[in-house]
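K.L.:
All chains should be built: construct the whole structure from the sequences, respecting the hints.
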Amino acid sequence: MNGSTSNAVGIEICAGPFDELPENIGRLLVYENHQIALFRLGDNKIRAIANQCPHKQGPLVDGLVSGDFVFCPLHDWKIHMGNGVVQAPDVGCVHSYPAVVKDGNVFVSLPESL
Amino acid sequence: MKQKLVMIGNGMAGVNTIEQLIKLNPNKYEITIFGAEPYPNYNRILLSSVLAGDVGMKDITINDWDWYENNQIRLLTGQRVIEIDTKKQTVKSNLGAIVHYDEMIIATGSSPFMLPVPGAEREGVIAFRDIKDCETMIQTSKKYKNAVVIGGGLLGLEAARGLLNLNMNVKVVHLHDYLMERQLDEVAGKMLRSELEAQGMEFLMKKQTEQIIGKSRVSAIRFTDGHTVETDLVVMAVGIKPNVELAKEAGIAVNRGIVVDDDMRTNVPNISAVGECAEHRGIAYGLVAPLWEQGAVLSKRLAGIETAPYEGSILSTKLKISGVDVFSVGDFNEKPGTKTIRVHDEWRGIYKKFMLRENQIVGAVLYGDTSDSSKILQLVKLGSQMTEQLHAQLTGVGASPTGSSLDLVKAMNDEEIICGCNGVSKGVICSAIQNNGLTTVGQIKDCTTASRSCGGCKPLVQQLLELTNGDTGSDLVIKEGICGCTDKTRDEIVEAIRTMHLTTIKETIHVLGWKSEGGCPKCRPALNYFLSMVHPEDYEDHRDSRVANERRHANIQKDGTFSVVPRMYGGVTTPQDLRKIADVAEQFNVPLVKVTGGQRLDLLGVKKEDLPKMWEALDMPSGYAYGKSLRTVKTCVGSTFCRFGTQDAMGMGIKMEKRFERLDTPAKVKMAVSGCPRNCAEATIKDFGVVAIDGGWELHVGGNGGLKVRITDVITRVKTEEEVLEWAGAFVQYYREHANWNERTSEWVGRVGLASIQEALATEEQRHVLNARLDVTLSKVKDPWKADLEKRDELEKRYESIKAQLVGEL
Ligand code: SRM
Ligand SMILES: Cc1cc2nc3c(=O)[nH]c(=O)nc-3n(C[C@H](O)[C@H](O)[C@H](O)COP(=O)(O)OP(=O)(O)OC[C@H]3O[C@@H](n4cnc5c(N)ncnc54)[C@H](O)[C@@H]3O)c2cc1C
Ligand code: SF4
Ligand code: FES
Numbered sequence: 001m002n003g004s005t006s007n008a009v010g011i012e013i014c015a016g017p018f019d020e021l022p023e024n025i026g027r028l029l030v031y032e033n034h035q036i037a038l039f040r041l042g043d044n045k046i047r048a049i050a051n052q053c054p055h056k057q058g059p060l061v062d063g064l065v066s067g068d069f070v071f072c073p074l075h076d077w078k079i080h081m082g083n084g085v086v087q088a089p090d091v092g093c094v095h096s097y098p099a100v101v102k103d104g105n106v107f108v109s110l111p112e113s114l
Numbered sequence: 001m002k003q004k005l006v007m008i009g010n011g012m013a014g015v016n017t018i019e020q021l022i023k024l025n026p027n028k029y030e031i032t033i034f035g036a037e038p039y040p041n042y043n044r045i046l047l048s049s050v051l052a053g054d055v056g057m058k059d060i061t062i063n064d065w066d067w068y069e070n071n072q073i074r075l076l077t078g079q080r081v082i083e084i085d086t087k088k089q090t091v092k093s094n095l096g097a098i099v100h101y102d103e104m105i106i107a108t109g110s111s112p113f114m115l116p117v118p119g120a121e122r123e124g125v126i127a128f129r130d131i132k133d134c135e136t137m138i139q140t141s142k143k144y145k146n147a148v149v150i151g152g153g154l155l156g157l158e159a160a161r162g163l164l165n166l167n168m169n170v171k172v173v174h175l176h177d178y179l180m181e182r183q184l185d186e187v188a189g190k191m192l193r194s195e196l197e198a199q200g201m202e203f204l205m206k207k208q209t210e211q212i213i214g215k216s217r218v219s220a221i222r223f224t225d226g227h228t229v230e231t232d233l234v235v236m237a238v239g240i241k242p243n244v245e246l247a248k249e250a251g252i253a254v255n256r257g258i259v260v261d262d263d264m265r266t267n268v269p270n271i272s273a274v275g276e277c278a279e280h281r282g283i284a285y286g287l288v289a290p291l292w293e294q295g296a297v298l299s300k301r302l303a304g305i306e307t308a309p310y311e312g313s314i315l316s317t318k319l320k321i322s323g324v325d326v327f328s329v330g331d332f333n334e335k336p337g338t339k340t341i342r343v344h345d346e347w348r349g350i351y352k353k354f355m356l357r358e359n360q361i362v363g364a365v366l367y368g369d370t371s372d373s374s375k376i377l378q379l380v381k382l383g384s385q386m387t388e389q390l391h392a393q394l395t396g397v398g399a400s401p402t403g404s405s406l407d408l409v410k411a412m413n414d415e416e417i418i419c420g421c422n423g424v425s426k427g428v429i430c431s432a433i434q435n436n437g438l439t440t441v442g443q444i445k446d447c448t449t450a451s452r453s454c455g456g457c458k459p460l461v462q463q464l465l466e467l468t469n470g471d472t473g474s475d476l477v478i479k480e481g482i483c484g485c486t487d488k489t490r491d492e493i494v495e496a497i498r499t500m501h502l503t504t505i506k507e508t509i510h511v512l513g514w515k516s517e518g519g520c521p522k523c524r525p526a527l528n529y530f531l532s533m534v535h536p537e538d539y540e541d542h543r544d545s546r547v548a549n550e551r552r553h554a555n556i557q558k559d560g561t562f563s564v565v566p567r568m569y570g571g572v573t574t575p576q577d578l579r580k581i582a583d584v585a586e587q588f589n590v591p592l593v594k595v596t597g598g599q600r601l602d603l604l605g606v607k608k609e610d611l612p613k614m615w616e617a618l619d620m621p622s623g624y625a626y627g628k629s630l631r632t633v634k635t636c637v638g639s640t641f642c643r644f645g646t647q648d649a650m651g652m653g654i655k656m657e658k659r660f661e662r663l664d665t666p667a668k669v670k671m672a673v674s675g676c677p678r679n680c681a682e683a684t685i686k687d688f689g690v691v692a693i694d695g696g697w698e699l700h701v702g703g704n705g706g707l708k709v710r711i712t713d714v715i716t717r718v719k720t721e722e723e724v725l726e727w728a729g730a731f732v733q734y735y736r737e738h739a740n741w742n743e744r745t746s747e748w749v750g751r752v753g754l755a756s757i758q759e760a761l762a763t764e765e766q767r768h769v770l771n772a773r774l775d776v777t778l779s780k781v782k783d784p785w786k787a788d789l790e791k792r793d794e795l796e797k798r799y800e801s802i803k804a805q806l807v808g809e810l
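Chains as they are written, first to last, in the working numbering: chain Z, 1 to 114; chain L, 1 to 810.
Please note: incorrect hints may appear among the correct ones.
Calculated lysine to aspartate or glutamate pairs in the DMTMM-like style (CA-CA distance at most 25 angstroms, straight line) [said to hold, decoys possible]:
#1 L:K488 / Z:D68
#2 L:K803 / Z:D103
#3 L:K797 / Z:E12
#4 Z:K56 / L:E245
#5 L:K608 / Z:D103
#6 L:K506 / Z:E23
#7 L:K506 / Z:D68
#8 L:K782 / L:E609
#9 L:K786 / L:E517
#10 L:K87 / L:E245
#11 L:K190 / L:D225
Read the hints as simulated data drawn from the structure, not as lab findings. Just so we're clear, the structure is a prediction, and the values are computed from it rather than from any experiment.
P.N.:
Laid out in structure tokens, this is it:
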């Protein structure tokens with residue numbers, strides 16, 4: 001990150017209250033120039049991936065959620081929200097970010113290299 | 001325990017067979033492959049492109065090392081098998097490895113034929129067969145200037161073109177008096193020669209090589225007529241010979257190639273052969289298309305799956321030299337009993353010849369314009385008869401070609417190979433199109449490799465694209481499960497929802513045993529619709545099972561923005577509404593305002609978070625331009641102003657739009673009302689069209705103006721506006737209750753037949769019952785923009801992004 005002098009491996013950002021996320025519908029999280037699609041899954045799990053489909057940059061945040069997968073709204077590529085891997089027969093990968101709920105708030109970690 | 005399968009030869013035919021085999025039956029065999037070359041399987045065809053500089057060496061790998069590892073295949077590269085012991089069922093390599101087999105495949109390919117002339121062993125005399133040869137040519141071109149290619153066939157000319165690209169002076173020596181005599185007739189052969197001369201090749205025709213001269217390295221070449229030519233490199237491309245010695249020594253029957261039957265078996269038990277080393281019904285092939293067909297049969301047999309026998313292949317040829325389009329297929333030489341159709345346009349440089357035997361198309365040669373090549377290949381394969389229409393299409397005299405070529409690809413079965421170079425079948429391409437929503441040949445190429453090599457199949461791939469996308473969700477859905485998640489058909493699902501009283505998507509997926517618990521974008525919206533259709537009164541819409549457009553009540557655009565289309569009933573507006581739209585467009589900096597094809601205005605390029613604010617400012621109903629729902633009711637001015645109008649078309653249209661707006665339907669529904677049979681509102685290509693006639697209305701159904709244009713059928717004629725609404729309501733409800741998901745009325749009417757619908761709507765009572773059920777649904781609908789605005793606290797969650805706060809470093 002800019003101006004960082006420590007040997008940190010990344011940063012942690014807060015996306016606010018878990019309750020503000022609609023279930024199984026994505027919500028966009030913006031931090032500086034990062035666009036992250038946040039998903040609250042059925043069993044209070046939370047997932048965070050880059051909001052850009054590797055196919056033609058479709059906004060994954062608007063995709064249809066099915067279990068651990070999201071389908072891109074533009075051409076239906078199927079992407080695993082946990083590891084970002086595009087499912088066969090398509091290939092590719094989007095960035096996935098560790099995300100947790102602590103005391104009712106959602107936290108996402110961004111690695112330094114981004 | 002797994003059986004041991006050993007394959008000799010790590011080339012295109014063999015590995016393709018293995019690839020198919022493990023798809024069919026991944027666990028049956030423990031597989032070992034011997035390959036004399038030190039690489040994993042690569043695409044030999046593309047060596048020409050490597051030489052021509054179009055692709056790099058690393059781009060031609062078909063199966064990389066990981067593929068072997070991931071499929072637990074033991075690959076022994078750089079090892080040549082030198083002995084087969086058919087008694088002990090073992091093979092032995094030059095490095096001493098001995099491996100036992102239960103089944104064996106010989107796929108040793110062929111070797112270049114080297115002319116047995118004095119000096120042929122000198123340095124600088126090579127063939128064109130593998131990566132090593134390619135590397136030699138590239139290296140040589142850096143030090144030397146002159147090259148001679150012996151052989152003016154396919155391979156020789158591609159080598160010559162590559163050497164030209166490497167900046168060498170290239171002479172091609174050919175025995176015959178025109179080029180590619182095995183693939184072309186004289187006219188095309190000569191046209192080809194002048195084109196290649198224009199590209200910079202020199203030709204020495206009717207010359208036979210006598211000797212290759214030089215000290216250790218070649219310096220010249222002499223012909224039998226005494227003529228000599230200086231050169232630094234000689235590439236022999238005079239033919240290939242199947243690699244059969246190994247088999248022969250093991251006592252396996254060989255002729256020119258290893259003899260196989262229609263199941264690709266040799267005469268020795270448990271030993272099969274495939275590819276260029278095999279000879280089937282007297283033919284040892286030298287192109288890849290037959291190898292895929294052979295591999296398909298062999299892999300099925302080895303996987304234990306019943307298969308039709310291999311009965312030989314029809315060959316077609318294409319030259320991979322840019323700027324040169326030649327193609328030939330089947331029997332293209334005049335023989336007794338054949339008829340010829342010839343088109344020769346010297347001005348355009350186009351030549352086409354078709355051969356008929358008793359009116360059956362048996363072969364063709366094309367030069368200059370090969371756009372019909374894939375179609376012709378199919379015609380010859382299918383043994384088609386020449387017809388007036390085909391004749392017109394093929395010779396380019398009159399008639400539009402599209403219709404019947406689609407019929408042709410439609411007639412092909414799923415296993416048929418479309419891309420001969422990469423062995424991609426029709427079935428693979430079609431399912432790739434469907435599953436990934438592919439819309440261009442380029443995407444299909446990336447996804448399936450079809451058309452990646454010579455590009456000859458592009459027209460066919462294009463047709464498959466039209467065929468598949470043209471059929472969106474219609475007949476495909478009928479026969480099979482509604483999507484990959486289930487085998488259940490639409491009717492089975494709706495029946496189950498009714499009889500088992502299923503009330504939610506989750507329950508339905510669970511009870512009917514979906515393969516994937518969460519469903520997919522095909523079945524989830526479908527189930528949401530079926531459930532609401534069956535239980536209109538108490539089903540609660542499942543918003544996250546709707547596709548993005550319907551979830552956001554706006555059309556998502558390619559850049560992630562949205563569009564806003566308010567209702568403009570019947571295409572009629574007011575200055576106030578126009579002013580309001582203009583104000584909103586300015587207030588929100590809308591990048592583009594457009595009049596749609598549906599007679600209303602579209603505000604395009606809107607940011608998601610602005611959507612609710614714009615709806616609020618507009619304070620107009622949603623036009624549902626995004627929904628499987630009633631879109632527009634187009635009207636003409638009708639009797640209100642038009643001198644021909646017989647009825648109030650605008651008034652009728654507005655009533656219809658107000659009655660049916662917001663209704664969920666299996667696919668979008670479009671309507672139109674024209675004030676007279678001049679039909680300015682184009683009612684005869686709408687789902688429900690109304691055309692005024694003197695003293696009444698003519699009602700039309702099942703039209704479509706989109707992908708597959710369909711003209712409506714007239715369902716009845718009525719007198720009053722009330723009757724129009726009654727019929728329209730009954731038709732729409734009957735469609736809602738019976739059509740497949742995503743099936744437009746045009747497909748549905750075509751599928752079930754007009755008569756069955758007329759029967760269901762025949763009596764007033766039937767129509768009333770349908771309308772009553774429709775009313776139940778309509779009584780529950782709500783404008784989605786207003787509904788969202790009412791839930792203020794949800795708006796932010798649904799439409800706005802979150803600005804994250806930095807917490808700290810990790
Ligand atoms: C906006 C509009 C084009 C325009 O600027 O005029 C339009 C835009 C789209 N049409 Fe259309 N169609 C528009 C009128 C038409 C018409 C003409 C008409 O309705 O009179 C047709 C042919 C008539 C017909 O459908 O029978 C038409 C046939 C299609 C089709 C082919 C449907 C078919 O069954 O063959 C599609 C694809 C589909 O639905 O799968 C399509 C799909 C689309 C989509 C929704 C593409 C998509 O799935 O994202 C386009 C959204 C663009 C965007 O980014 O917002 N659009 N589309 C028109 C909106 C009309 C309206 O006011 O609601
Ligand atoms: C430059 C070039 C361009 C071509 N262009 C086209 C084209 O446009 N269209 C077309 O249809 N065809 C084309 N071909 C022909 C096509 O490449 C062949 O038909 C195809 O590769 C044959 O496949 P195969 O598996 O039978 O043989 P190969 O691909 O030759 O594979 C056989 C493999 O077995 C190995 N092998 C042999 N003996 C042994 C042994 N004893 N132990 C271990 N390994 C062994 C060989 O080293 C080789 O790697 C072209 C060929 C060349 C050379
Ligand atoms: S015709 Fe329709 S679907 Fe195609 S680009 Fe135009 S608006 Fe989009
Ligand atoms: S942009 Fe995501 S599937 Fe095309």
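K.L.:
Given the hint that K190 of chain L pairs with D225 of chain L, does the C-alpha gap stay at or below 25 angstroms?
P.N.:
23 angstroms, holds
K.L.:
If you draw a straight line from the CA of K797 of chain L to the CA of E12 of chain Z, is it 25 angstroms or shorter?
P.N.:
22 angstroms, holds
K.L.:
Are K782 of chain L and E609 of chain L close enough, with their CA atoms no more than 25 angstroms apart?
P.N.:
22 angstroms, holds
K.L.:
Does K506 of chain L pair with D68 of chain Z here, judged by a C-alpha cut-off of 25 angstroms?
P.N.:
15 angstroms, holds
K.L.:
For the pair we were handed, K803 of chain L and D103 of chain Z, check the Cα-Cα distance against 25 angstroms.
P.N.:
It holds: about 19 angstroms lies between the C-alpha atoms, which stays within 25 angstroms.
K.L.:
Decide if the proposed pair is consistent with the structure: K506 of chain L and E23 of chain Z, CA atoms, cutoff 25 angstroms inclusive.
P.N.:
15 angstroms, holds
K.L.:
Within a Cα-Cα threshold of 25 angstroms, do K608 of chain L and D103 of chain Z meet the stated pairing?
P.N.:
Given pair K608 of chain L, D103 of chain Z is violated - Cα atoms ~30 angstroms apart, limit 25 angstroms.
K.L.:
Is the straight-line distance between the alpha-carbon of K786 of chain L and that of E517 of chain L 25 angstroms or less?
P.N.:
Violated: K786 of chain L and E517 of chain L sit about 33 angstroms apart, past 25 angstroms.
K.L.:
Is the hinted pair K488 of chain L and D68 of chain Z satisfied, with a Cα-Cα distance of at most 25 angstroms?
P.N.:
Measuring from Cα to Cα gives roughly 24 angstroms; hence the hint holds.
K.L.:
Run the distance test for K56 of chain Z versus E245 of chain L: straight-line Cα separation, threshold 25 angstroms.
P.N.:
Roughly 52 angstroms between the alpha carbons, so the hint for K56 of chain Z and E245 of chain L is violated.
K.L.:
For the pair supplied as a hint, K87 of chain L and E245 of chain L, is the alpha-carbon distance within the 25 angstroms limit?
P.N.:
18 angstroms, holds
Going down the numbered hints, you'll see the structure goes against 4, 5, 9, while the others check out.
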